[in-house]
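Required output: the full structure, derived from the provided sequences and hints.
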Amino acid sequence: MRDAFEQLNRGCAEAIELVDAYALGALESGEAGALKRHVSDCAQCRKELGKSQRTAALLALSVRIEEAPSRLRDRLLARAENERFELPGWRRLVPSRRTSTLALAFGGIAALAFAVFLQAQLSNLRGDKDELQDQLSVASSELDQQRQIVAVLSAQDTQKLAMEPVALRSRAESVYNWSPDNDAGFIVCRNFPELAAGRVYEVWFVTGERAEPVATFLPQAGACQIPMDMSRMNWRPEGIAISVEPVGGSSRPTKPWFSYAWFDDAYRRAGNHDMDVEIVAAAIGP
Amino acid sequence: MRRLGCRDVGAFRALYDRYGNLVYSTVLRIVRDAQTAEDMVQEIFLRIWRKPDSYVADRGRFVTWLTSVSRNRAVDEIRSRGRRFRYETSSPEEQERELPTPEINDPALRAELADQRRLILAALARIPPEQKQIIELAYFGGLTQQEIAERLCEPLGTVKTRVRLGMQKLRAALAPEVRLEER
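Protein chains in written order, with this note's numbering: chain A, 13 to 298; chain B, 955 to 1137.
For the record, the hints were derived by calculation from the structure and aren't laboratory data. Because the structure is a prediction, the values reported are computed rather than measured. Mixed in with the good hints there might be a few duds.
[What the hints assert, rightly or not] Taking CB as the label site, the calculated pair distances span: (1) A:Asn203 - B:Ser1034: 26 to 32 Å; (2) B:Pro1061 - A:Glu176: 42 to 48 Å; (3) B:Leu1106 - A:Lys267: 44 to 50 Å.
[What the hints assert, rightly or not] With a Cα cut of at most 35 Å, we get these calculated DSBU-like pairs of lysine-lysine: (4) A:Lys48 - B:Lys1086; (5) B:Lys1123 - A:Lys267; (6) A:Lys63 - B:Lys1086; (7) A:Lys172 - A:Lys48; (8) B:Lys1005 - A:Lys63; (9) A:Lys48 - B:Lys1005; (10) A:Lys63 - A:Lys48; (11) A:Lys63 - B:Lys1123; (12) A:Lys267 - B:Lys1086; (13) B:Lys1005 - A:Lys172; (14) B:Lys1123 - A:Lys48.
[Said to hold, decoys possible] With the C-beta cut set under 7 Å, the calculated list includes, among others, these residues of chain A facing chain B: (15) Ala69; (16) Leu70; (17) Ala72; (18) Leu73; (19) Ile77; (20) Glu78; (21) Glu79; (22) Leu84; (23) Leu89; (24) Ala90; (25) Ala92; (26) Glu93; (27) Arg264.
Cβ coordinates follow ideal geometry from the N, Cα and C atoms, glycine included.
Right under this line is the structure:
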């Protein structure tokens, strides 16, 4: 990663060498990330990358057309019909991108104004300096979180996955939104039960053998909005889960999942029907 | 796409009838498993149904956006499974075959795609086989340059050079089509 970044800092010539491989999806992740950062500041290389990407996109049109099974059409249309009336509920919780972006942008501006206000207060109220600095730090952190959420919602590759509560009668709902391009995501939730003192919800990325903690949170009136930074992740999770843990979070899950979702339904269909049990067992250990 | 935003199932049906086979064929070419391809086509179309605004018109034509999304999702799939399908290029006879007529339910689109397919296959046929092989391994096989080098037992530098040369030739040969995308 570092080598690739340093290489691109030497100029556009090296970046241009990489655009074709990037357009074909053939760069290693470190090089791809470095190129993305370079083109974000370089209009000329961005233009070259665009040409390569449009050329690569045409390759898909070279495939020989096969007929999709008719059952697929039936299944798909039935799902669309069913979801036609389900989505608005989530739309209230996760508004459309434009609405979210606007709302969050206003939220961001408000947070920024608050931060500026706090800064002014800081210069006037020397006696409260420490407290105000703490508040400024919180406001700044909230602003960063809002920016991260806006970035995910605004991305072209944003994906959304509803998580299922394990308890049958639970009304808890949560959705994981993420953008691979931004290496970022966030969870929104509602109807999460209040926890006993000393307990928090903890988010995990999981595979069949592994569970890595991502964030802890306490919902406000049952609702939450938890940004997650995945830029340092060097492995590919197969699912996301939430458990209830002691305050401060755990390094390994100590309780069964409260709620979870798998990125790949097909994986589950491929014979891993008991995977949730297996993962909990593997994660908790003997 | 505007009608999808209004939850119009009829519009969604029309969209699937128009592009369903194309998306299925793109995904099948990559994952090489009919059941997996079906699941992924469902996922791709449901994603459009749920988020019709994910397509931004000024970034190119809908059909190329859709096939790119399909290709990327299929490649993610084979990468996430850690599976490496044995990649086989189509025979020259297959590549020369005309686009079969019954599968795309729109005569104008069918004719347009058939023309484009001929152009793209012709452009691919004009580049040296070793460059074409690497481009196809990357695009349809989902392999990185490093993985291609390992698979073909070629130096990484050779693979990188072939990617660049092959793509330069493709860009030149397909320049009119690329300009069409820019409009």
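Checklist entry - Looking back at the numbered hints, which does the structure fail to meet, lowest number first? => result 5, 12, 24, 27
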